[in-house]
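With chain A fixed as given, assemble chains B and C onto it according to the hints.
Residue numbers (the working numbering), protein chains in the order written: chain A, 1 to 177; chain B, 1 to 103; chain C, 1 to 114.
Calculated cross-link-like contacts (lysine-lysine; reagent style DSBU-like; alpha-carbon spacing at most 35 Å):
| # | chain 1 | residue 1 | chain 2 | residue 2 |
| --- | --- | --- | --- | --- |
| 1 | B | Lys30 | C | Lys81 |
| 2 | C | Lys87 | B | Lys30 |
| 3 | B | Lys30 | B | Lys96 |
| 4 | C | Lys81 | A | Lys99 |
| 5 | C | Lys11 | A | Lys101 |
| 6 | C | Lys11 | B | Lys30 |
| 7 | B | Lys30 | C | Lys38 |
| 8 | A | Lys15 | A | Lys101 |
Derived from the structure by calculation, the hints contain no laboratory data.
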Amino acid sequence: MADTNTIVGETILVKGNLQGDEDLTVQGRIEGSLSLTRTLIIEQGGIVKADVSVNNAVVSGVMVGNLTATDSVELSETGRMVGDIHAPRVIVVEGALFKGKVDMGNLETPRQASTQGVDHKRPSFAPQRPASRPHKAPSAPAAPAKKAAAPAKKTVTVTKKAGSRSKKKVVVKRKRR
Amino acid sequence: MANVIGSSVVIDGEISGDEDLVIQGTVKGKITLKESLFVEGSGVVEADIVTRNVEVSGSVTGNINASDKVELKTDGRMVGDIKAPRILIADGATFKGNVDMDR
Amino acid sequence: MAAEPPGVIGKGIAIRGNLSGGGDLIIEGTVEGQISLKNHLTIEETGVVRADIEAERLTIRGEMSGNITATERVAVLANAKVVGDIKAPIVIIEDGAGFKGGIEMDVPLPDGLI
Chain A
1 MADTNTIVGE
11 TILVKGNLQG
21 DEDLTVQGRI
31 EGSLSLTRTL
41 IIEQGGIVKA
51 DVSVNNAVVS
61 GVMVGNLTAT
71 DSVELSETGR
81 MVGDIHAPRV
91 IVVEGALFKG
101 KVDMGNLETP
111 RQASTQGVDH
121 KRPSFAPQRP
131 ASRPHKAPSA
141 PAAPAKKAAA
151 PAKKTVTVTK
161 KAGSRSKKKV
171 VVKRKRR
Chain B
1 MANVIGSSVV
11 IDGEISGDED
21 LVIQGTVKGK
31 ITLKESLFVE
41 GSGVVEADIV
51 TRNVEVSGSV
61 TGNINASDKV
71 ELKTDGRMVG
81 DIKAPRILIA
91 DGATFKGNVD
101 MDR
Chain C
1 MAAEPPGVIG
11 KGIAIRGNLS
21 GGGDLIIEGT
31 VEGQISLKNH
41 LTIEETGVVR
51 ADIEAERLTI
61 RGEMSGNITA
71 TERVAVLANA
81 KVVGDIKAPI
91 VIIEDGAGFK
101 GGIEMDVPLP
111 DGLI
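In isolation and in its complexed conformation, chain A is listed as follows (with noise of 0.2 Å):
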């Protein structure tokens, strides 16, 4: 299955619940609820406001908000978050910010640092996208070629942020499977 990739623009506020099956990156904003069986990017300017669950998520922006990860979760340098990760493997790099609780589960458990191939679970697209310039929305129009009648999982309300000029783009792409 392609790695498709749902990015929130810069000037793009979502608020509400989003969930998916794909990988997403965060320059804008949320707030709300995130769950999210893939990967979730926060680049740095972005902000996340909820409570996130996820397999992975790398944090260069901001994050507030309780953060489950059913495999890690890596703060990066630029990365700052308030709230508790709740995750098996979990890395702050320096230079990221953080306050709250990190609990990794048993510790007893022998852990080791990832040393196949991929060490975070980044998504594979390759990330060209200009700062702040329009993008073309990412390969979702592909995506619609599976699908399923899945029911409108999400309740998102999209707004613009006031006094954005309003070139954005994406969205939140409802899954199918």
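Below, chains B and C without anything else, positioned relative to chain A:
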């Protein structure tokens, strides 16, 4: 690598182990070692000591029970009782206490 | 006086009590109680520390349970197991480290976020 309690360290409590220990700082409490204790010039020990050997160049206040030997070196100062089969007190050391060399 | 070499508490040594001082210290043995150091404390892989710790810097490769307050930084390296709260301006957790507890750094956030 020898165990060293540096000169600016203060330990208040009990130390035990099966390695040599060098004290350059301050220890109050109790020391129980299987091997040797070296109290260096800057070391200050206020503790009862049970060990194999003790070499004192600093200050010890407390009782020493050594299975092998106790040596008070030239600048060593001790107040307390010593029980050990062999004892050496160098010229210049000061000592006040009882000595028991019965095996 | 030149900085003295770090103190060492080797693998075969156990200390129960309070430890304080101004030098660097490397712990390979066991310490239970309270530690208050002005400089750098390293808990090596074989070190087991159950104590509240105050220090300038802390590097942990072994096991530690207790609360940590550091004035400069705390690094929890791979294979370390730490349970307790950490309060320091910089906290680093390496991939492979095990940690359970709170972390408190100063986190500047955009206005109105919390």
